[in-house]
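**Student:** Listed below, chain by chain, are the residues.
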Amino acid sequence: MNEKAKAPAAEPKSRANQKKELPEHLKSYKHVWVMLELERGVVHPVSWELLGEGRKLADQLKVDLGAVVLGPPGGTDASVADAFAYGADVCYVVENPALVDYRNEPYTAVMTELVHKYQPEILLLGATNLGRDLAGSVATTLLTGLTADCTELAVDADGSLAATRPTFGGSLLCTIYTLNYRPQMATMRPRVAPMPLYQAGRTGRIVRHDVSLPEDDIITKILAFLPDGSTDKANLPYADIVVAGGLGMQNADNYLLVRQLADVLGGEWGGSRPLVQKGWISSDRQIGQTGKTIRPRLYIAAGISGAIQHRVGVEGADLIVAINTDKNAPIFDFAHVGIVADAALALPALTEAFRKRLSAAATRPAAE
Amino acid sequence: MHIVVCVKQVPDSAQIRVHPVTNTIMRQGVPTIINPYDLFSLEEALRLRDRHGGEVTVVTMGPPMADTALRKCLTFGADRAVLLTDRFFAGSDTLATSYALSFLIKKVSENWGAPDLIFCGKQTIDGDTAQVGPGVAKRLNLLQLTYVSKIESFDMEAREITVDRRAEGGIQVLKTKLPCLITMLEGTNDIRRGSIEDALRGARTEIITWNAAQAGITDLTLCGLRGSPTIVKKVFAPKPRDEKAFQIEVEGKSMSDISDALIAEIGKRQPVLERDMLKGAMSY
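Those sequence lines, one after another, are chains A and B. Numbered by my numbering, the letters in the first sequence go through residues 1 to 368 in order. Numbered by my numbering, the letters in the second sequence go through residues 1 to 284 in order.
These are computed hints drawn from the structure, not numbers from a lab. The C-beta atom is built at its ideal place from N, Cα and C for all residues, glycine as well. Misleading hints may appear alongside valid ones.
[Claimed, not checked] When the alpha-carbon atoms are kept at most 30 Å apart in a straight line, the in silico DSBU-like pairs for lysine-lysine are as follows:
{"#": "1", "chain 1": "B", "residue 1": "LYS239", "chain 2": "B", "residue 2": "LYS253"}
{"#": "2", "chain 1": "B", "residue 1": "LYS253", "chain 2": "A", "residue 2": "LYS327"}
{"#": "3", "chain 1": "B", "residue 1": "LYS239", "chain 2": "A", "residue 2": "LYS327"}
{"#": "4", "chain 1": "A", "residue 1": "LYS278", "chain 2": "B", "residue 2": "LYS268"}
{"#": "5", "chain 1": "A", "residue 1": "LYS221", "chain 2": "A", "residue 2": "LYS327"}
[Claimed, not checked] Pulled a few chain A residues facing chain B out of the computed Cβ check, cut under 7 Å:
{"#": "6", "residue": "LEU179"}
{"#": "7", "residue": "TYR198"}
{"#": "8", "residue": "ALA200"}
{"#": "9", "residue": "GLY229"}
{"#": "10", "residue": "TYR238"}
{"#": "11", "residue": "GLN260"}
{"#": "12", "residue": "THR325"}
{"#": "13", "residue": "ASN328"}
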C-alpha cells in the first residue's frame with residue numbers, strides 16, 4: 001500500500017457530524033415524495049401510511065408532497081384520486097404497458113428518470129419486498145443514502161431528514177442522516193405509522209410523464225402470478241385484535257391457549273421470536289423487529305418478557321395488555337394494563353370469561 | 001459454471017447485550033456466525049453446482065477474523081473463499097459496501113471466470129437493510145431476482161433461469177437471462193452438513209485475502225465511512241413510557257375474578273371495541 005493511499009484514513013471520523021454545503025447541482029432538490037405501491041389495481045396501505053408521514057415532513061419544510069404512481073395505461077386514476085385524498089399535493093403519473101406488474105428493471109429506470117427530472121429532496125418507500133427491491137436499486141443508481149426500516153421520520157432544524165430505526169437486532173435505536181446527497185431516501189414498514197385521514201374530494205395537480213419502455217428491451221419476463229390462498233394466511237399487521245405468546249407459555253401445548261383466546265376474540269395469533277426458533281409458530285406469525293409490526297386496537301401479550309426487539313413491533317397498539325409471572329418484566333414498562341400471573345392459567349379463564357360475555361351480548365336483542 | 005456467493009460474518013444477535021449505563025453494545029465475548037440468511041443462498045448455489053457442474057466461490061468483506069466464516073463455507077462444500085479486508089472499509093454503509101463488493105467480484109471474475117450467477121443473502125441479521133444485494137447488482141449492471149422461494153428451472157445452454165419470487169399477495173414467476181443476482185428467501189432449503197472430505201479440505205485450504213489495492217480499488221474516497229452517504233448521528237435506548245402498566249389486582253383473587261376485572265378495564269379503555277367485536281363475533 002503506498003503513502004498516498006494511507007493519507008485519507010486520518011480523517012474519516014471527522015466527517016460523521018459535518019454538514020458540508022450541498023453541492024450546487026443538489027441545491028435545487030425540493031419536495032417530499034412517496035412511491036405508491038400499486039399492484040394489480042390495489043395500492044398497498046403502507047403507501048397511504050407514508051403519505052401521512054410525508055405530509056408532516058412536507059408541512060414542516062413548507063414544500064409539496066408528491067406521490068409517484070406507476071401503472072399500465074388507464075390503470076392509475078383511482079389511485080391518483082386516493083393519493084390526493086390521503087394528502088398528496090402532486091401526483092407524478094407514468095402509465096406504460098411495461099409497468100403493469102412490478103419488475104425491477106423498468107421501475108428502477110422510471111423512478112431514476114423521475115428523480116433526475118423533478119428532483120425531490122426526500123423519497124419514501126414501503127419496506128415491503130417491492131419497496132426494498134426497488135429502493136436498493138434506485139439509491140445505488142443515484143449514489144445517495146438510503147435508510148431501511150425506519151420507525152420514525154422527522155425533519156430537524158436545518159431541514160435534514162432524521163430517519164430513526166432500530167439497530168443491533170432491535171436493542172437500540174439510531175438516527176441516520178443523508179446530509180450531502182439528494183434525495184434522502186428511506187423505507188418504512190407497514191403499520192409503523194397510522195393511516196392518515198381520508199379527505200374525500202381533496203384534489204391536486206397531476207404531472208404526466210411519458211417514458212419509452214419497449215418490452216423487447218426488458219429482459220426479465222413475468223410468466224405468471226400465483227395468488228396466495230386466503231386460508232390460514234396470517235394478516236397480523238392489519239388485525240384489530242392480536243393475541244401473542246412467548247416463552248412464558250412454556251410448551252407448544254400451552255401455546256394453543258393463545259390461539260383459543262384469539263379465536264374467541266375473532267383476532268389473529270402470533271408470538272415472539274424464540275417461538276419461531278422452537279417451531280411452535282411459523283415465521284409469518286412472528287411479531288417484533290425481525291417479524292411483523294402490528295397496530296391492533298387490542299394486543300394481549302401472554303408470557304412475553306418484552307425485549308426491545310418485541311417492543312418496537314407492538315408499540316403502535318392502542319391498548320396493550322400483558323400477562324407475565326415476573327412483575328419486573330420489561331413488558332410492564334410499555335403495556336397499559338398488566339396482570340402478574342401465569343399466562344397458562346390466566347388465558348383459559350380469560351377465554352372463558354370473554355366467551356360468556358360475547359355470547360350473552362350476542363343473544364341480546366340488537367341494542368344499537 | 002461459476003457461482004459467486006456473498007456472505008457476511010455477523011454477531012449472534014441473540015447474544016448481544018447493551019450496557020445498561022453507557023448504552024453501548026457489549027461486543028466482547030459475543031460469538032460470530034455466518035449471517036443465517038446467507039446460508040439459504042449458499043445451499044442453493046451448492047445444489048446448482050452439484051447438478052450442473054462448475055465452481056462456487058464464496059466472498060466476504062470484513063475484518064481479518066471474518067476468515068472463520070469463509071472457512072465454514074468451505075466445509076459446507078464451497079470450492080474457493082476470498083476475503084476482502086482493509087481498514088479503509090471501516091464504517092461502510094450499504095452504498096460503500098456494494099462498491100467494495102463489486103470490485104471484489106470483478107477481481108474474482110478476472111481470476112476464475114465471470115460468474116453466471118451471484119447469490120446474496122436476503123438481508124443480514126445485524127443491519128437488516130436488504131440493500132446490499134440490489135446494490136451489488138446495480139453496480140455490476142446485473143439483473144436481480146430478490147426474495148426467491150424456488151428456482152423453477154435453470155438452463156445453462158440457453159442462459160436462462162426461471163424462479164418463484166415472493167411478492168405481495170402471491171408468487172411472481174419470473175424468467176430472466178444469465179448472469180443475474182439472486183437473493184433467496186429464508187426457509188427455502190436447509191444447509192447441508194458437509195462431508196468429511198469437505199471438512200478436511202476446508203481446514204487445509206488457504207483463504208485468499210486481498211486488500212483494497214489488490215482488489216483493484218483505486219478510489220478510496222468511495223470506501224468506508226468516507227464513501228458512505230448515510231451518517232449515524234445518534235444511538236440511543238428507547239424512552240421508557242412515563243407510567244408503568246396499570247396492574248389488575250391479583251392477590252387472593254380467583255382467575256375468573258381477575259378475568260372479569262381485566263375485561264372491565266379493557267371496556268373502560270376501549271369503549272367501542274366490544275360492540276365492533278360482536279359484529280364479527282355473532283356466532284359465539
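**Student:** Holds or violated: is the Cβ of A:TYR198 closer than 7 Å to a Cβ in chain B?
**Tutor:** 19 Å, violated
**Student:** Go through the hint on A:GLN260 and say holds or violated, using the shortest Cβ distance to chain B against 7 Å.
**Tutor:** Violated: closest Cβ of chain B sits about 12 Å from A:GLN260, beyond 7 Å.
**Student:** How about A:GLY229: closest beta carbon in chain B under 7 Å, or not?
**Tutor:** 10 Å, violated
**Student:** Is it true that the CA of B:LYS253 sits at most 30 Å from the CA of A:LYS327?
**Tutor:** Satisfied, since the Cα-Cα distance of roughly 17 Å is no more than 30 Å.
**Student:** Please check whether A:ASN328 passes as an interface residue: C-beta within 7 Å of a C-beta belonging to chain B.
**Tutor:** 10 Å, violated
**Student:** With the threshold set at 30 Å, check whether the alpha-carbon distance from B:LYS239 to B:LYS253 stays at or below it.
**Tutor:** 34 Å, violated
**Student:** Next pair to validate is B:LYS239 with A:LYS327; report whether the Cα-Cα distance is within 30 Å.
**Tutor:** Status holds; Cα separation ~20 Å.
**Student:** Is A:LYS278 close enough to B:LYS268, meaning Cα to Cα at most 30 Å?
**Tutor:** Since the Cα atoms of A:LYS278 and B:LYS268 sit roughly 37 Å apart, the hinted pair is violated (cutoff 30 Å).
**Student:** Does A:TYR238 pass the interface check with chain B, least Cβ-Cβ distance below 7 Å?
**Tutor:** 12 Å, violated
**Student:** A:LYS221 and A:LYS327: Cα distance at most 30 Å?
**Tutor:** Violated. A:LYS221 to A:LYS327 sits at ~56 Å, over the 30 Å cutoff.
**Student:** Using Cβ atoms only, decide whether A:THR325 comes closer than 7 Å to chain B, and label the hint accordingly.
**Tutor:** Given a least distance of 11 Å, the restraint on A:THR325 is violated.
**Student:** Next item in the hint list is A:LEU179. Is there a CB on chain B closer than 7 Å to its CB?
**Tutor:** At about 6 Å, which falls below the 7 Å cut-off, the nearest Cβ of chain B leaves the hint on A:LEU179 intact, so it holds.
In summary, the numbered hints that this structure violates are 1, 4, 5, 7, 8, 9, 10, 11, 12, 13.
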